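The sequence shown begins at 606 in the numbering used here and counts up by one.
Please keep in mind that the hints were generated in silico from the structure rather than gathered at the bench. Take these hints with a grain of salt, some might be off.
Here are the computed lysine-lysine pairs in the DSSO-like style, where the Cα-Cα straight-line distance is at most 27 Å [said to hold, decoys possible]: (1) LYS1374 - LYS1309; (2) LYS666 - LYS680; (3) LYS847 - LYS819; (4) LYS1037 - LYS1139; (5) LYS1003 - LYS1037; (6) LYS819 - LYS680; (7) LYS1113 - LYS1124.
Beta-carbon label-pair distances, calculated as ranges [said to hold, decoys possible]: (8) GLY671 - LEU964: 43 to 51 Å; (9) SER1002 - LYS1190: 27 to 35 Å; (10) LEU740 - LEU616: 16 to 24 Å.
Bear in mind that the values here come from a model prediction, so they are computed numbers and not experimental data. All residues carry an ideal CB built from backbone N, CA and C; glycine is no exception.
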Amino acid sequence: MKLLRSRNLLLFLFLSGLFALLGYLTVVIISDPFIGIVTVKNSQGEYLVESLEPAGQAVLKGIQLGDVIDEVNGKPAGQNVNIIKFSSVERVESIVVSEKTGEQRLVTFNRGWNGDHTGLELLIQLYIPWASLLLFLGLSTFLYRKRKNDSAAIMLILFFLAIGLSYFSSAAAYRNDLVGVTVMYAVIPFVAILFLLFMNMYLRRYGMIFISPKLIWYLSVAFSIVSLFCLVYIWTNFIPEKVFLNARMVYHATLIVGNFICVYQLFRKFFYYRSSRFNSLFKITLTSHLVAFTPFTTMNLLPLLGGNIQILPAAFTAPFLFVLPIVYFYLLTSNQLFDVDFILTRFKYYTLLSLLPALIVTLAYAAIVSGDVVFSWVRWLQIFIVSYVVMTLFLYSKEQIDHKFRPKLFKAMYSYQDSLDRFSRKIARVMKRDDLEMVLKEEIGALLPASRIDFLIVDQIEAVVNPVGEQDDEQSTAIFLLQVSDSLQVGEVVELPHGLGLIIGCQKSKQYIVWIGSKTNHTRFNSDELRWLKTLANYASIVFENLYLIESLIEDLESEVKKEQATTPWILRLLFCLSENERRKLAADLHDSALQDQLLWYRRLEALMLDHPITEKLEVELDEIKEGLLDVIHQIRETCNELRPPLLKEMGIVEALESIIEHTQMRNNFAVDFRAKPFDNLLNEEQITAIYRIVQELLRNADKHARANLVTLELEQRTNMVYFHYKDDGVGMDVDYMEASFEHMGLSGIKERVASLEGEITFRSKRGKGLEVIIILPQNMTTGRSERGLLRDSYLIS
């Protein structure tokens, strides 16, 4: 409780100080209009206008680069403290300017809320910073409420507040307010430190270290010394101006170094973990950091190392910092990562696409104003960068606008998408090639005013195209198709002498083509129509290929039946594999539905008997019902195990047979003598399943028909074969009439299973002499590999 009170008191004091500081900075921004003059002292001791900030009063008053500041508030410019300390003109009422023409003029500035604030100035220096600060504060509040005990969340909150406070105080610092300048020099260097601490704490949960804590300590000490030196200059007169200029360069260098270390560590971690599950995490953090800090670093900090000139004002580069709170807040609160690869692919494409237009706009602007205005290279670079960024952002937004509004505004353009949806639904019911051709013809005819839609077959061996008439356009189309038949690819759209050709299928030497004649309105096929037709061709080619495979399978089955009376092993194998699949599905359905329902009713009955008083007679009856339910549950479980033996492949054939024999002896009154030798070569799943089903059927036959007292089973692996022997002392049967009797359909099924594995089976039995079965299975089947290269048909067992 005492710790909680201390935390709440500390939080109250922190928030009170923060809001008091924000209130003061707001008053400074409102009370002093921004002038925006940066000066430099020349060799004659004059103070020249080196640069002008956007949205400043100096631009509105007509002050130009290179003008000389003679007086400030009626005194020589060299006596003004802002010019001396900060090389800028701010918070003044008047200045005397000597223009390049030699003419002097007095420029006055109003102060206070009713001063010369422009809408652009308030937008850049008050409204946007306030909005960003509210965003940072809102996210920080949410994080604190949700994750107040998470050290990474607390460090992320400090990271957010440091960025937001630095951005907001920059407007006051531009006005040379000492508090605003102090915040800038004291807080900005530690943004990188807070980021490094946050990453260390965040990655600690994954057992990783982002950067050495000792290095963070050294950086903190170095940054503190530089910041303290600058603050001493700001608040006192102990440090000369020339010394401070060097110190300010060191200060800017520390900001660059801090950002470089963050980016370097992110790159290093990304390349180290690029093949792990942390790939997206580091790619997202690296991308967001580059987007947020690269504009400020390259356009502001690097140029400031060489002087006071910046390529782009900080007002344009600072808003990129908005990326950080969104991304890191998302990382800390979300369980899923957004697809950064998709975003980066779009970014590379749009930046490359925007390069040439931005260059053209810059050159066109230069050609227009070349005779009127003379710009420095910095100004031209600014124009190019602004054009480039605007075009890139426009292309990004265009994709979202297209996705949202294009279907509503241009419905005709989306009829092709509706057509594809409709076509995909129709082809799901197609069972014959003729049906596919009919659906395809209807869909194309509904949207295109084609003069003809015909289906052609190009036979490369016979060098003919069918069907083709005697008309000139038909003959020229046939000749063209024969000439290019070697280069045609399935799913392509080919331009023909009289229309288009859709390649929808290929069978050996034959190619199947949809010939779409020229449009009746005599217009060319546009890009949307070509894309739509290509997609239709791809859809149709997939269905065509499936239909071809099915037809080929049916033809093979028919030919096999005609060639020989006995069914071929691969067909039997296919049928048994399908049967096993159905057994597994049925077992799963029984387990998930009937068995669970029985268990539920059993639990409810048990709870009813425990929770409510019942008579002794009723209790006896309910106990009988409970026992009946348990018997049903046991029976369903046994059925599920028979339909789908658990862990059959994992246990191996010997252990699986021992398990079924144990269960059989528990239920039946005959003994089983099982003799098995260890297997040197493991059997595949298909062979294990077949032997298991054979033994299952033989034991069932011994119980129901043979009335045996002793069953003997032998299983061993011999040279390239599996030997199985079954013998019982039951009533026996007449082997000659086995196939004609419905009582022995199970034994006939065993014979078919053995035939599917290319094995041999022998039945020996007489009336009253029991039954003997000898099975020999080859270790490797001669027809063991399909046309697709898959081993047998085991892929059908799922």
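>> Check whether the Cα positions of LYS1374 and LYS1309 lie no farther apart than 27 Å.
In response: Answer holds: LYS1374 to LYS1309 is near 17 Å, not above 27 Å.
> Do the beta carbons of SER1002 and LYS1190 sit within 27 to 35 Å of each other?
Replying inline: violated, 50 Å
> Do the alpha carbons of LYS1113 and LYS1124 lie within 27 Å of each other, as the hint requires?
Replying inline: Not satisfied, since the Cα-Cα distance of roughly 32 Å exceeds 27 Å.
> Does LYS1037 pair with LYS1139 here, judged by a C-alpha cut-off of 27 Å?
Replying inline: Status holds; Cα separation ~22 Å.
> Does the Cβ distance between GLY671 and LEU964 fall inside 43 to 51 Å?
Replying inline: violated, 28 Å
>> Hinted pair, alpha-carbon criterion (27 Å max): LYS666, LYS680. Please report holds or violated.
In response: With a Cα-Cα distance of about 20 Å, the restraint between LYS666 and LYS680 holds, given a limit of 27 Å.
> So the hint says 16 to 24 Å: do the beta-carbon atoms of LEU740 and LEU616 match that?
Replying inline: At roughly 20 Å between Cβ atoms, LEU616 and LEU740 fall inside 16 to 24 Å, so the hint holds.
>> LYS1003 and LYS1037 were given as a pair; does the straight-line alpha-carbon distance stay at or below 27 Å?
In response: violated, 43 Å
> Taking 27 Å as the top limit, are the C-alpha atoms of LYS847 and LYS819 close enough?
Replying inline: violated, 33 Å
>> With the threshold set at 27 Å, check whether the alpha-carbon distance from LYS819 to LYS680 stays at or below it.
In response: Not satisfied, since the Cα-Cα distance of roughly 52 Å exceeds 27 Å.
Of the numbered hints listed earlier, those contradicted by the structure are 3, 5, 6, 7, 8, 9.
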